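Let's have the full structure, built from the sequences with the hints guiding it.
In order, the protein sequence lines correspond to chains A and F.
Using my numbering, the letters of the first sequence correspond one by one to residues 1 to 167.
Using my numbering, the letters of the second sequence correspond one by one to residues 1 to 503.
It is worth saying that the hints were derived from the structure and are not from the lab.
Fair warning: this is a prediction, and the values are worked out from it, not measured in the lab.
A hint or two may mislead.
To be verified - Under the rule of at most 25 angstroms between Cα atoms (straight-line distance), these lysine to any residue pairs were calculated in the SDA-like manner:
id, chain 1, residue 1, chain 2, residue 2
1, F, Lys101, F, Glu319
2, A, Lys111, F, Lys166
3, A, Lys98, A, Ile142
4, A, Lys133, F, Glu34
5, A, Lys76, F, Ser470
6, F, Lys474, A, Met87
7, F, Lys474, A, Gly20
8, A, Lys133, F, Glu319
9, A, Lys108, F, Ala56
10, F, Lys474, A, Leu138
11, A, Lys98, F, Leu61
12, A, Lys76, F, Phe445
13, F, Lys443, F, Ser180
14, A, Lys25, F, Arg473
15, F, Lys166, A, Asn136
16, F, Lys474, A, Asp64
17, A, Lys111, F, Met349
18, A, Lys111, F, Ala191
19, A, Lys111, F, Leu61
20, A, Lys133, F, Arg346
21, A, Lys133, F, Glu288
22, A, Lys152, F, Val35
23, A, Lys25, F, Arg475
24, F, Lys166, A, Leu138
25, A, Lys152, F, Pro53
26, F, Lys474, A, Lys152
27, A, Lys13, F, Lys474
28, A, Lys133, F, Glu458
29, A, Lys108, F, Leu40
30, A, Lys76, F, Glu319
31, A, Lys152, F, Ala191
32, F, Lys443, F, Ile400
33, F, Lys237, A, Glu130
34, F, Lys447, F, Ser470
35, F, Lys474, A, Thr15
36, A, Lys76, F, Asn456
37, F, Lys257, F, Ala126
38, A, Lys76, F, Arg452
39, A, Lys108, F, Cys50
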Amino acid sequence: MNYVATIGEREVKVTVEELGGANYKVTLDGREHVVDAHQVANGLWSVLYGYSSFEVDVTRHPGDEFEALIDGDCHKFSLMNEQRRAMIRAGGKGAAGKAMVTSPMPGKVVKLLVNEGEEVRADQGVIVVEAMKMENELKSAIAGKVKEIFVKEGEVVESGAKLLLVE
Amino acid sequence: MFQKILIANRGEIAVRVLRACKEMGIRTVGVFSEVDRRALHTRYADEAYCIGPPPARESYLVIDKILEVAKASGAQAIHPGYGFLAENPLFADRCEKEKIKLIGPSAYAMRTMGSKTLARKTVQAAGVPVVPGTVEPIASEEEVFRVAKEIGFPVMLKATAGGGGKGLRLVREEGELRSSLRMAKSEAKSAFSDDSVYIEKYIENPRHVEVQILGDQHGNYVHLCERECSIQRRHQKVIEESPSVIITPEIRAAMGKVAIEAARAVQYEGAGTCEFLVDRKRNFFFLEMNTRLQVEHPVTEMVTGIDIVKEQIRVAAGEKLSVRQEDVKQTGHAIECRVYAEDPERNFMPCPGTVTSLRIPGGPGVRDDSGMYTGFEIPIYYDPIISKLVAWGKDRTEAIARMKRALAEYVVTGVKTTIPFHIRVMNNRHFIAGNFDTNFIDKVFFKEEEARRLENEEVALFAAAIQVFSEERKRAAAFKPGEAAGPASMWKYSTRPGIRKIG
Chain A
1 MNYVATIGER EVKVTVEELG GANYKVTLDG REHVVDAHQV ANGLWSVLYG
51 YSSFEVDVTR HPGDEFEALI DGDCHKFSLM NEQRRAMIRA GGKGAAGKAM
101 VTSPMPGKVV KLLVNEGEEV RADQGVIVVE AMKMENELKS AIAGKVKEIF
151 VKEGEVVESG AKLLLVE
Chain F
1 MFQKILIANR GEIAVRVLRA CKEMGIRTVG VFSEVDRRAL HTRYADEAYC
51 IGPPPARESY LVIDKILEVA KASGAQAIHP GYGFLAENPL FADRCEKEKI
101 KLIGPSAYAM RTMGSKTLAR KTVQAAGVPV VPGTVEPIAS EEEVFRVAKE
151 IGFPVMLKAT AGGGGKGLRL VREEGELRSS LRMAKSEAKS AFSDDSVYIE
201 KYIENPRHVE VQILGDQHGN YVHLCERECS IQRRHQKVIE ESPSVIITPE
251 IRAAMGKVAI EAARAVQYEG AGTCEFLVDR KRNFFFLEMN TRLQVEHPVT
301 EMVTGIDIVK EQIRVAAGEK LSVRQEDVKQ TGHAIECRVY AEDPERNFMP
351 CPGTVTSLRI PGGPGVRDDS GMYTGFEIPI YYDPIISKLV AWGKDRTEAI
401 ARMKRALAEY VVTGVKTTIP FHIRVMNNRH FIAGNFDTNF IDKVFFKEEE
451 ARRLENEEVA LFAAAIQVFS EERKRAAAFK PGEAAGPASM WKYSTRPGIR
501 KIG
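Here it is in structure tokens:
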């Protein structure tokens, strides 16, 4: 299977091939590596690379964004199937001009800072969500108009919940 | 001795107190909010009572409910832990009225030490050095100028009713004083409807060092030496250690002596902590006294071998302290890392959720005080502290090495934690050299971290790519039943190249 990883500005072509058992042939920009990888808990991988043993905690975020934690180092990158990437590219700017504000954590909506129909700037705080005694102001990624608000003040929301849409 | 104690707290500290009670053969009563039914402290206690809805002000902070449970269960004493009702003199008053022993100091000691100006006045009278400045609000602009010149710049203007950094103004030279005073006053007025301010010498790049004391009802006091708490993020302690690298035996003795004097001044009973600021010339100044068990008490326990919670319980029951000053010795070095359910990659945003897997470090010299387990859902309603990892070593070098080793073993999945942050601090050259002050994390550490190159990038990519690959395979297999790969044979696995066999 072919993938593209994007690390900052860099792109790395990645392929994965199963060799049987828990062995995989992984290529990074054409360089071949044989890796023995076991998922020992949800998202937690024990990786033997050569004879070096690593533990990697992989978190997948929406939008094919990844975080891989190795001994205190957090690697951030996006990783996408090549076909899927091509499809999204071909699909063009369908989603452009719209930005959904979602809750990055479970919590309680403390305050709505804007009303429906209101104009907002990019990076303007639009809603306050409280979790664990801390209030977190969430910002709009784009400038535009508040199209719809999906929550009320006082409402308890899950991680990833849609809060409001800016267009 | 008490037969039954109620623990008016939750999370790791409730578990810590429960452990002491169990070891002493005392029956325990836990209290829990509706969201904490499955919490560890509810499960560990001998009896447990629900005290209301999740928000603390409707459960853990409701004095009437706690006392009701104490009476219903027949508990003779209440341990408040830290936070919640621990330093609330009204709670202490009510306990006294209901003839239930609160494990801690008197309401009088809490009130005195809880007021900035009163605490300062009281300890100053007992001969404890305080930061030079005024105790009373300043009456006139002339007086501000007079005092500022007397104590020397830089000075800090502080709102008398202050808190949370509001009404604070740093003044570096005389020319700025008039306008700063005006701003401090107007800020204080709008934040606290009280525009009175006082003036203090500003200690530049201080270290935060505190002294643990114990007192009993018979007038005996001991100090259990110092804890270094300068590793702070946004004024919150995150890593503590004992001993402090800057404290000499002479300074330790002097600090211990004044901490005991401060305690004696309010007839202090139980465990308490005097916090000091230490300047570059190692002058120390009293900051405040915390009239409760501290979060970071385990580092002191690790180096002195004294169980502070058990001592609290003993002296509350009227017994004498079990240790004399000459018995108190620091052996080796201990470090504590506070593990929070926060995401260091997202500006330490709180990260409540379910712990999907957990591996707690073990081995020599490691202690984990936590309130979580696999499957535990960390609630959104309370402080995000989920564990305190403590490492002991024969010296600081071994303690750091052991902490690094233990942090690397510590695995929590399902929620983000500050474990990676702690690993980075343990690897930082300034931390290793003991060269830091209270601004270190915010001003130096994060800047250095930004410029750092990450290691093992290819391994990160391997794991993520293989995870995506496996998920795609699984999804594809679900469409074609019968063709899905069976479970891997253990025989095949054990002969696979690349797996080392030991033994």
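Outcome of the hint check:
At roughly 14 angstroms between alpha-carbon atoms, F:Lys101 and F:Glu319 fall within 25 angstroms of each other, so this suggested pair holds. At most 25 angstroms may separate the alpha-carbon atoms for a hinted pair to count; A:Lys111 and F:Lys166 meet this at roughly 22 angstroms. Only pairs whose Cα atoms come within 25 angstroms are accepted, and A:Lys98 paired with A:Ile142 is accepted, the gap being roughly 8 angstroms. Distance restraint check for A:Lys133 and F:Glu34: the Cα-Cα separation of roughly 17 angstroms lies within the 25 angstroms cut-off, and the hinted pair is therefore satisfied.
Distance hint between A:Lys76 and F:Ser470 is fulfilled; the C-alpha atoms sit about 20 angstroms from each other, no more than 25 angstroms. At roughly 22 angstroms between alpha-carbon atoms, F:Lys474 and A:Met87 fall within 25 angstroms of each other, so this suggested pair holds. Our distance criterion of 25 angstroms between C-alpha atoms is met by F:Lys474 and A:Gly20, whose separation comes to about 15 angstroms. Between the alpha carbons of A:Lys133 and F:Glu319 the distance comes to roughly 38 angstroms, so the proposed pair goes past 25 angstroms and is violated.
Under the criterion of a C-alpha separation no larger than 25 angstroms, the hint pairing A:Lys108 with F:Ala56 is consistent with the structure, at around 14 angstroms. Note on F:Lys474 and A:Leu138: the hinted pairing is violated, with a Cα-Cα distance of about 36 angstroms set against a maximum of 25 angstroms. Of the pairs offered as hints, the one joining A:Lys98 and F:Leu61 is violated, with about 44 angstroms between alpha carbons and a cut-off of 25 angstroms exceeded. For the given pair, A:Lys76 sits about 20 angstroms from F:Phe445 by alpha-carbon distance, which is consistent with the 25 angstroms threshold.
Of the supplied pair hints, the one linking F:Lys443 and F:Ser180 holds, its CA atoms being roughly 24 angstroms apart against a limit of 25 angstroms. About 15 angstroms separates the Cα atoms of A:Lys25 and F:Arg473, which keeps this hinted pair within 25 angstroms; it holds. Taken as a hint, the F:Lys166 and A:Asn136 pair is honoured in the structure, with Cα atoms around 19 angstroms apart against an allowance of 25 angstroms. Using a Cα cut-off of 25 angstroms, the hinted pair F:Lys474 and A:Asp64 holds, with the two alpha carbons roughly 18 angstroms apart.
Note on A:Lys111 and F:Met349: the hinted pairing holds, with a Cα-Cα distance of about 18 angstroms set against a maximum of 25 angstroms. With a CA separation close to 20 angstroms, the supplied pair A:Lys111 and F:Ala191 stays within the 25 angstroms bound. At roughly 24 angstroms between alpha-carbon atoms, A:Lys111 and F:Leu61 fall within 25 angstroms of each other, so this suggested pair holds. Taking the CA atoms of A:Lys133 and F:Arg346, the gap is near 17 angstroms; set against the 25 angstroms cutoff, the hint holds.
Between the alpha carbons of A:Lys133 and F:Glu288 the distance comes to roughly 24 angstroms, so the proposed pair stays at or under 25 angstroms and holds. Taken as a hint, the A:Lys152 and F:Val35 pair is honoured in the structure, with Cα atoms around 22 angstroms apart against an allowance of 25 angstroms. Taken as a hint, the A:Lys25 and F:Arg475 pair is honoured in the structure, with Cα atoms around 20 angstroms apart against an allowance of 25 angstroms. Distance hint between F:Lys166 and A:Leu138 is fulfilled; the C-alpha atoms sit about 23 angstroms from each other, no more than 25 angstroms.
At roughly 20 angstroms between alpha-carbon atoms, A:Lys152 and F:Pro53 fall within 25 angstroms of each other, so this suggested pair holds. At most 25 angstroms may separate the alpha-carbon atoms for a hinted pair to count; F:Lys474 and A:Lys152 exceed this at roughly 39 angstroms. With a CA separation close to 23 angstroms, the supplied pair A:Lys13 and F:Lys474 stays within the 25 angstroms bound. Of the pairs offered as hints, the one joining A:Lys133 and F:Glu458 is violated, with about 38 angstroms between alpha carbons and a cut-off of 25 angstroms exceeded.
About 24 angstroms separates the Cα atoms of A:Lys108 and F:Leu40, which keeps this hinted pair within 25 angstroms; it holds. Pair hint A:Lys76 plus F:Glu319 does not hold up; C-alpha atoms about 57 angstroms apart against a cutoff of 25 angstroms. Among the hinted pairs, A:Lys152 with F:Ala191 is inconsistent with the structure: their alpha-carbon atoms are about 28 angstroms apart, more than 25 angstroms. At most 25 angstroms may separate the alpha-carbon atoms for a hinted pair to count; F:Lys443 and F:Ile400 meet this at roughly 22 angstroms.
A distance of roughly 22 angstroms separates the Cα atoms of F:Lys237 and A:Glu130; the hinted pair therefore holds under the 25 angstroms criterion. Distance hint between F:Lys447 and F:Ser470 is unfulfilled; the C-alpha atoms sit about 38 angstroms from each other, more than 25 angstroms. Annotation: proposed proximity of F:Lys474 to A:Thr15 holds, straight-line Cα distance about 17 angstroms (limit 25 angstroms). Taking the CA atoms of A:Lys76 and F:Asn456, the gap is near 12 angstroms; set against the 25 angstroms cutoff, the hint holds.
Restraint check for F:Lys257 and F:Ala126: satisfied, since their Cα atoms lie roughly 11 angstroms apart, inside the 25 angstroms limit. For the suggested pair A:Lys76 and F:Arg452, the alpha carbons sit about 14 angstroms apart, so the restraint of at most 25 angstroms is met. Of the pairs offered as hints, the one joining A:Lys108 and F:Cys50 holds, with about 22 angstroms between alpha carbons and a cut-off of 25 angstroms not exceeded.
The structure fails to meet hints 8, 10, 11, 26, 28, 30, 31, 34 from the earlier list, while all remaining hints are met.
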